[in-house]
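Colleague: Protein chains in written order, with my numbering: chain A, 6 to 256; chain B, 105 to 440.
Simulated from the structure, these hints should not be mistaken for laboratory data.
Here a beta-carbon is modelled for each residue, glycine too, at the ideal position from N, C-alpha and C.
Worth double-checking, as some hints may not be accurate.
When the alpha-carbon atoms are kept at most 27 Å apart in a straight line, the in silico DSS-like pairs for lysine-lysine are as follows [as the list claims (entries may be wrong)]: (1) 75(A) - 229(B); (2) 109(A) - 75(A); (3) 75(A) - 196(A); (4) 66(A) - 196(A); (5) 234(A) - 109(A); (6) 104(A) - 229(B); (7) 229(B) - 66(A); (8) 196(A) - 109(A); (9) 104(A) - 234(A).
Simulated restraints, written as ranges between beta carbons of each label pair [stated by the list, open to error]: (10) 76(A) - 353(B): 49 to 59 Å; (11) 193(A) - 420(B): 28 to 38 Å; (12) 19(A) - 124(B): 57 to 67 Å; (13) 289(B) - 135(A): 41 to 51 Å; (14) 191(B) - 26(A): 55 to 65 Å; (15) 25(A) - 412(B): 30 to 40 Å; (16) 83(A) - 137(B): 27 to 37 Å; (17) 76(A) - 317(B): 19 to 29 Å; (18) 188(A) - 397(B): 38 to 48 Å; (19) 26(A) - 353(B): 38 to 48 Å.
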Amino acid sequence: MIADTTEQPLLEGRNVSKYFGGLAAVNNVDFAVCPGEIVGLVGPNGSGKTTLFDCLSRLQKIDSGQILFKGQDVTRARPYQIARMGLARTFQVIRVYRKMTVLKNMLISHQWKDRSILRMLQPSHVNTERRARELLDFLQIAHLTDAQAGHLSGGQRRLLEIGMALMPDPDIMLLDEATSGVNPTLIETIKDRLRVLNAQGKTFLLIEHNINFIVDLCSRVYVLNHGEKLAEGTPQEIIENEAVIDAYFGS
Amino acid sequence: MIAKVRRLPRFFGAWVGLTLWLLLMLLLALYPYTGVSSLTLFVGSQVFVLVTLASNWNLIGGLTGYVDFGHAVFFGIGAYVMGILVTHLPLLISPEWSFWQALPISGVAAAVFALLIGLPTLRLKGPYFSIAMLGTFVVTREIVRVLRPLTGGGSGLSLPPILNRLGDYYLMLGVMGLVVAIIWWIHRSEFGQSLIAIREDEIGAEMRGINTTLHKIVAFMIAAFFTGIVGGFWAWQNTVIDPDVVFIEARTVEMVMMSMLGGLGTVWGPPLGAVIIYFLQDVVWGNLFGVHLLVLGVLLVLLALFLPEGILGALEDRSSTSIGRLLGRVTSRGRN
């Protein structure tokens with residue numbers, strides 16, 4: 006689905022910069038993701054992709070610039086607050102609750118709908134469990150429902166993490182290398198599931214090294230290099246861009 | 105394909121623990137009517153104290169994963185608040201308080217202290233939190249020693265000696281029953297599951313919408329409140345308090361050991377561990393006085409090496425420890 010880029014962006018960064026000591030991990034990057042888009046974020050290792058993700062999801066404070074989500078300034082929000090506004094993400098190094106079962110991992114990720122103290126003092130609602138089971142089914146890991154998350158394979162954990170991100174029904178999902186360490190069949194599953202979700206109106210921002218994945222899914226791609234935005238365009242434009250080829254393969 | 109885990113029917117599985125616990129409480133409440141000695145009642149209240157302490161420590165140390173090496177500080181604060189309120193001190197304008205008035209204040213004071221100290225220390229991760237709490241514990245002891253007009257300094261305070269073994273027994277039975285029931289409730293609630301999520305992956309939990317700071321503080325305050333109550337009770341029962349009997353590191357070590365032996369982060373592990381440790385200590389103390397600390401220290405090392413998940417943890421996940429695998433072979437068939 007190609008989104009109309011004239012509408013208000015869902016997630017927007019203005020002149021975002023993040024320094025680690027003297028190193029500019031992200032340097033003056035501007036970008037915007039509009040509702041319904043699948044946007045790719047590519048670049049060589051160390052180009053600042055994950056740092057940008059961390060800044061967007063508020064795990065890292067930014068040194069300058071502004072981040073807007075749904076038109077609101079969230080530059081100083083806490084991660085849980087931006088999560089409750091409807092942003093979900095996965096991590097390059099998979100973060101699941103290893104000693105919980107797959108189902109409990111899912112249940113506890115449903116955090117910010119109708120929260121009250123009374124609700125928190127009760128076990129998860131039966132509707133939450135229904136949604137968890139539906140999503141596990143959707144991601145084709147329903148047979149693992151009662152398994153301990155720590156016992157799952159890397160690929161299965163990736164799917165679980167995507168499921169956990171989907172639990173609260175977010176508006177935008179930031180997926181950090183959702184296909185790394187995943188076998189080709191499972192990659193096809195993930196690709197297929199993302200397409201279905203996108204058709205349902207979910208917006209995605211993907212960090213990806215798998216260029217086919219990007220070409221197949223994304224409508225627009227940003228390229229980062231040394232923390233700076235090197236290029237921006239459709240996947241076709243990007244793979245033909247000389248500067249991008251240089252950055253990836255060296256000149 | 106991973107095989108399905110055998111499960112009890114949902115309703116039964118969810119409530120059986122609490123039902124059995126309430127039944128046990130009822131039996132223990134009837135126990136004094138069988139004509140037991142006052143020594144037995146005393147032993148009973150001591151065991152209840154340990155179970156309560158272990159369960160409370162487990163809430164922050166086991167469930168939330170913030171290993172608190174200074175938790176006895178809340179016990180000490182509870183004890184001193186009780187001591188100060190029930191003895192007529194020149195600093196206080198009102199007449200001395202009764203035990204029942206002072207007891208809740210012991211808990212509240214400990215909880216408020218937990219709030220104040222938790223805001224900075226709960227930002228620290230892993231060993232840094234443990235060490236900061238150990239530091240808090242030592243500093244508080246020294247402050248108590250220095251505040252002579254309020255605390256009686258090194259010589260401490262003497263509380264009015266009122267002996268009521270039966271009353272002590274029932275009070276601590278009630279507190280223990282309540283605390284374990286609360287922990288059971290927390291464990292199955294979304295709040296408790298969020299605490300486990302924080303233990304398993306704090307950044308992931310925060311990113312998935314859990315206000316981790318608030319959750320940790322609330323858990324810490326609950327754990328401190330009841331530890332303070334127990335401290336207040338202990339001061340009343342013991343009648344004499346001074347910095348060196350109230351603020352002892354061994355009390356924290358005891359809480360850690362009981363929780364570890366039973367199973368960190370489980371509901372029933374710490375109570376089980378507390379009962380075992382109490383009677384073990386009794387045997388070791390009675391027969392090997394002089395080397396009893398050595399024996400307990402060695403036990404702690406062995407626990408960390410061979411039973412890191414505790415008895416219940418090993419039973420739950422039998423594949424993870426050698427003793428767990430042994431237990432698994434002995435007690436189950438066809439769990440896989």
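Colleague: Taking the beta carbons of residue 76(A) and residue 353(B), is their distance inside 49 to 59 Å?
Modeller: 55 Å, holds
Colleague: Run the distance test for residue 196(A) versus residue 109(A): straight-line Cα separation, threshold 27 Å.
Modeller: It holds: about 25 Å lies between the C-alpha atoms, which stays within 27 Å.
Colleague: Is 57 to 67 Å right for how far apart the beta carbons of residue 19(A) and residue 124(B) are?
Modeller: Cβ of residue 19(A) to Cβ of residue 124(B): about 59 Å, so the range 57 to 67 Å holds.
Colleague: Using the C-beta atoms of residue 26(A) and residue 353(B), is the stated range 38 to 48 Å upheld?
Modeller: 40 Å, holds
Colleague: Do the beta carbons of residue 289(B) and residue 135(A) sit within 41 to 51 Å of each other?
Modeller: Between residue 289(B) and residue 135(A), where Cβ atoms are some 24 Å apart, the hint is violated.
Colleague: If you draw a straight line from the CA of residue 75(A) to the CA of residue 229(B), is it 27 Å or shorter?
Modeller: At roughly 33 Å apart (the allowed maximum being 27 Å), residue 229(B) and residue 75(A) break the hint.
Colleague: Should the hint that residue 188(A) and residue 397(B) are 38 to 48 Å apart at their CB atoms be regarded as holding?
Modeller: 55 Å, violated
Colleague: Given the hint of 30 to 40 Å, is the C-beta distance from residue 25(A) to residue 412(B) inside that range or not?
Modeller: Because 36 Å falls inside the window, the suggested range holds.
Colleague: Evaluate the given range 27 to 37 Å for the C-beta pair formed by residue 83(A) and residue 137(B).
Modeller: 55 Å, violated
Colleague: With 19 to 29 Å as the target window, see if residue 76(A) and residue 317(B) comply at their CB atoms.
Modeller: Holds: the Cβ-Cβ distance is about 27 Å, inside 19 to 29 Å.
Colleague: Does residue 196(A) sit within 27 Å of residue 66(A), going by the straight-line distance between their CA atoms?
Modeller: 31 Å, violated
Colleague: Given the hint that residue 104(A) pairs with residue 229(B), does the C-alpha gap stay at or below 27 Å?
Modeller: Distance of about 19 Å is within 27 Å: holds.
Hints 1, 2, 4, 5, 9, 13, 16 and 18 from the list above are not met by this structure, while the remaining hints are.
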